[in-house]
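Chemist: Each chain is listed here by its residues.
Number of protein chains: 2
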Amino acid sequence: MIKIVAKNYVKPECVQAFKDTAKELIEKSRAEEGNIFYTLNVSVNDPNTLVFIENWKDQAAIESHNKSEHFTGIVPKLGQLCAREGEVELFVEI
Amino acid sequence: MIKIVAKNYVKPECVQAFKDTAKELIEKSRAEEGNIFYTLNVSVNDPNTLVFIENWKDQAAIESHNKSEHFTGIVPKLGQLCAREGEVELFVEI
Numbered sequence: 028m029i030k031i032v033a034k035n036y037v038k039p040e041c042v043q044a045f046k047d048t049a050k051e052l053i054e055k056s057r058a059e060e061g062n063i064f065y066t067l068n069v070s071v072n073d074p075n076t077l078v079f080i081e082n083w084k085d086q087a088a089i090e091s092h093n094k095s096e097h098f099t100g101i102v103p104k105l106g107q108l109c110a111r112e113g114e115v116e117l118f119v120e121i
Numbered sequence: 028m029i030k031i032v033a034k035n036y037v038k039p040e041c042v043q044a045f046k047d048t049a050k051e052l053i054e055k056s057r058a059e060e061g062n063i064f065y066t067l068n069v070s071v072n073d074p075n076t077l078v079f080i081e082n083w084k085d086q087a088a089i090e091s092h093n094k095s096e097h098f099t100g101i102v103p104k105l106g107q108l109c110a111r112e113g114e115v116e117l118f119v120e121i
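Line order of the protein sequences matches chains A and B.
Taking my numbering, the leading residue of the first sequence gets 28, the next gets one more, and so forth.
Taking my numbering, the leading residue of the second sequence gets 28, the next gets one more, and so forth.
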């Protein structure tokens with residue numbers, strides 16, 4: 028299993044819009060065959076840091092997700108709501 | 028639900044010892060009433076970065092975990108296997 032922790036540094040005035048825009052991405056990603064969980068979270072230290080914490084069956088599942096219409100269509104919209112570039116980290120479960 | 032992402036920068040020669048020492052912590056943490064999942068993961072970018080990714084029912088569950096014998100007994104042992112101080116981040120699921 029491969030987990031993704033994807034941090035988004037959202038413009039303070041865009042936090043609600045980010046949550047609203049992410050809803051479809053969350054629902055459609057959860058419906059993918061290779062998805063185990065897909066969650067949106069807020070940092071306890073910063074209400075403008077919104078973090079996707081995801082779990083995928085394998086690398087093929089992530090590649091399929093990255094090519095999906097909901098990913099390629101919605102992720103750029105989320106990026107426009109951010110103050111600066113985020114960080115994406117991948118971890119393999121031991 | 029509250030997720031914890033706890034990064035450990037392990038000494039290269041201590042990675043196996045870290046995994047072995049963490050086993051009891053993982054088993055006993057998973058058995059706690061307030062735990063949803065508790066996993067150990069390795070960064071795809073660095074084999075010496077071992078990361079606990081955890082999910083807890085609420086803040087009370089985390090406080091109970093932090094006071095548990097397995098936490099207070101094993102976490103300092105894990106710290107001795109690290110090259111430098113790690114990072115712990117908490118996220119509340121939206």
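Be aware that one or more of the hints could be misleading.
A pair holds if it fits inside one copy or across any two, identical chains being indistinguishable in the list.
To be verified - Below, a list of computed lysine-lysine pairs in the DSS-like style, where the Cα atoms sit at most 25 Å apart:
1. K84 / K38
2. K30 / K94
3. K38 / K50
4. K55 / K30
5. K30 / K46
6. K104 / K94
7. K50 / K30
By construction, these hints were calculated from the structure, which means they are not laboratory data.
Chemist: Now tell me, hint by hint, if it's right for this structure.
Modeler: Results of checking the hints against the structure:
In this homomeric assembly, K84 and K38 never come within 25 Å of each other (Cα to Cα): the closest approach is 32 Å inside a single copy and 29 Å across copies. For a Cα distance limit of 25 Å, the shortest separation of K30 from K94 inside one copy, 18 Å, qualifies, whereas the shortest one across copies, 27 Å, does not. For a Cα distance limit of 25 Å, the shortest separation of K38 from K50 inside one copy, 18 Å, qualifies, whereas the shortest one across copies, 40 Å, does not. For a Cα distance limit of 25 Å, the shortest separation of K55 from K30 qualifies both inside one copy, at 17 Å, and across copies, at 22 Å.
Taking the shortest Cα distances, K30 and K46 sit within 25 Å of each other both inside one copy (21 Å) and across copies (18 Å). Only within a single protomer do K104 and K94 lie at most 25 Å apart by alpha-carbon distance; the minimum there is 16 Å, versus 43 Å between protomers. Taking the closest pair of Cα atoms, K50 and K30 come within 25 Å of each other both inside a single copy (20 Å) and across two copies (19 Å).
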